[in-house]
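Visitor: Each chain is listed here by its residues.
Protein chains: 2
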Amino acid sequence: MTPAAAPPVSDLAATWQHVLLLHTRVENRLATALQRRHGIGLSEFRALGHLAASPTSELRMQELADKVGLNQSSVTRLVARLGTAGFAVRDLCPDDKRGVYTVLTEAGRTRHAEASRTYEETLEAALEEARRADPQLAAALTALSAHAS
Amino acid sequence: MTPAAAPPVSDLAATWQHVLLLHTRVENRLATALQRRHGIGLSEFRALGHLAASPTSELRMQELADKVGLNQSSVTRLVARLGTAGFAVRDLCPDDKRGVYTVLTEAGRTRHAEASRTYEETLEAALEEARRADPQLAAALTALSAHAS
DNA sequence: GACAAGATGTTGCATGTACATGTATCCTTC
DNA sequence: GAAGGATACATGTACATGCAACATCTTGTC
Numbered sequence: 001m002t003p004a005a006a007p008p009v010s011d012l013a014a015t016w017q018h019v020l021l022l023h024t025r026v027e028n029r030l031a032t033a034l035q036r037r038h039g040i041g042l043s044e045f046r047a048l049g050h051l052a053a054s055p056t057s058e059l060r061m062q063e064l065a066d067k068v069g070l071n072q073s074s075v076t077r078l079v080a081r082l083g084t085a086g087f088a089v090r091d092l093c094p095d096d097k098r099g100v101y102t103v104l105t106e107a108g109r110t111r112h113a114e115a116s117r118t119y120e121e122t123l124e125a126a127l128e129e130a131r132r133a134d135p136q137l138a139a140a141l142t143a144l145s146a147h148a149s
Numbered sequence: 001m002t003p004a005a006a007p008p009v010s011d012l013a014a015t016w017q018h019v020l021l022l023h024t025r026v027e028n029r030l031a032t033a034l035q036r037r038h039g040i041g042l043s044e045f046r047a048l049g050h051l052a053a054s055p056t057s058e059l060r061m062q063e064l065a066d067k068v069g070l071n072q073s074s075v076t077r078l079v080a081r082l083g084t085a086g087f088a089v090r091d092l093c094p095d096d097k098r099g100v101y102t103v104l105t106e107a108g109r110t111r112h113a114e115a116s117r118t119y120e121e122t123l124e125a126a127l128e129e130a131r132r133a134d135p136q137l138a139a140a141l142t143a144l145s146a147h148a149s
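Here the protein sequences come in this chain order: A and B. Quick note on numbering: the first sequence equals residues 1 to 149 in this note's numbering. Quick note on numbering: the second sequence equals residues 1 to 149 in this note's numbering.
Treat the hints with caution; some may be incorrect.
As the list claims (entries may be wrong) - Covered stretches of chain A, as calculated for chain B (at least 3 residues, CB under 8 angstroms):
#	segment
1	12–24
2	120–129
As the list claims (entries may be wrong) - Partner residues aside, some chain A positions facing chain B, computed with beta carbon under 7 angstroms:
#	residue
3	69
4	139
5	144
Since the hints were made in silico from the structure, they are not lab data. We treat Cβ as the ideally placed atom computed from N, Cα and C, and that holds for glycine.
All chains should be modelled from the sequences, with the hints used to inform the complete structure.
Guide: This is the structure we're talking about:
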C-alpha cells in the first residue's frame with residue numbers, strides 16, 4: 001500500500017522518491033479517512049473545497065479541472081458524481097451557452113465543512129508521523145510552510 | 001492537467017496543496033516523457049528500477065508491491081505487463097511454493113537503463129522549473145536532498 | 001498424518017482516469 | 001451574414017487500480 005525503500009539511483013531520483021513516499025502515504029490516509037467517515041473521495045472533497053473557496057460558490061468546468069489537477073473529461077464525471085450526491089448542481093452559463101457552471105449546494109458546503117475537520121486531523125497526524133520518521137522531511141515541510149503566494 | 005491555485009484553508013492544508021501541485025506536475029511530465037520516448041509507464045519504470053536495484057535482480061510480489069506503492073493485485077497485473085513486454089519473467093519460488101519471483105530480463109535491464117536517462121533529465125527539468133516558480137520549494141527540496149538513510 | 005490458521009498470489013468486479021472524438025457555441029474575418 | 005477556426009463540454013473506449021473473494025501452499029499443533 002505504501003512505498004518502502006528508495007532505489008539506489010541518482011541523488012535527484014532519490015530525493016524525488018522521498019516525495020513519492022510521503023505523497024502516497026499521506027494521500028492514502030486522507031482518502032481512506034474521508035471515504036470511511038464522510039463517504040466522499042479525495043477528488044470530490046477537493047472539488048468541494050475549491051467551489052467553497054470561490055466567491056460565488058461556482059466554477060466552470062475547466063477552472064475546476066485546473067484547480068483539482070484533473071483533465072476536463074474527468075471533471076465532467078466528477079461533477080456528475082457531485083450532482084448525484086446532491087453536493088452541486090450544474091447551471092448553464094447565460095452569456096456563453098457553451099459554458100457550464102458547477103454550483104455548490106448547501107448540502108455540499110455542509111459536507112465539505114464536516115469533512116474538512118477530518119481532513120485536517122488526518123493530514124496533521126500523517127505529516128507528524130512522517131516528520132518523526134524522517135527529520136529531513138520536517139525541515140523540508142517547514143521550509144514549505146513559510147507561507148507563500 | 002495541473003492544479004492551479006491553493007484553496008484558502010488552513011496553513012497545513014495549504015502546505016500540502018503545494019506538495020500536491022508539485023507532485024502532479026512532475027509526475028505528469030515524467031509519465032508523458034517515459035511513455036512517449038520509451039513506451040513504458042511510470043509504474044513499469046519504477047518496478048524495473050527496483051528489480052534492477054535488487055542484488056539478485058528479482059523480487060517477490062509483496063516486496064515489489066511495497067516498493068512501488070501499489071497493492072498486491074495491482075502488482076500481479078503490473079508484472080503481467082512486464083512479462084508481455086519481455087522485461088521480466090515469473091519464476092516460482094523453489095522453497096516456498098506460494099511465492100513468485102519476478103525476475104528482470106536483460107531486455108528489461110536495458111530498457112530501464114535507457115529510460116533512466118530520460119527520467120533523470122525530465123525530473124531535473126521539472127524540478128528546476130518548479131524551483132524557479134516557487135523559491136520556497138527550492139529550499140524545501142534542498143532540505144530533502146541533504147541525502148537520507 | 002490431519003486439521004486449523006496464516007501467508008502468498010490471483011481473479012471478478014467496480015471505479016476513476018486519460019485519450020480521442022463528437023457536438024454545440026462563440027469569435028473573427030471577409 | 002456566412003465561412004473557418006477556436007473553445008467548452010460530453011461521450012466512447014481502454015486501461016490501471018483497489019477491494020473482496022478465492023485457491024494454494026506452509027506452518028504449528030495435536
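Visitor: Each hint: holds or not?
Guide: Against the structure, the hints:
no., hint, verdict
1, 12–24, "holds (count 12)"
2, 120–129, "holds (count 4)"
3, 69, "4 angstroms, holds"
4, 139, "4 angstroms, holds"
5, 144, "5 angstroms, holds"
In this structure, none of the earlier numbered hints is contradicted; all agree with it.
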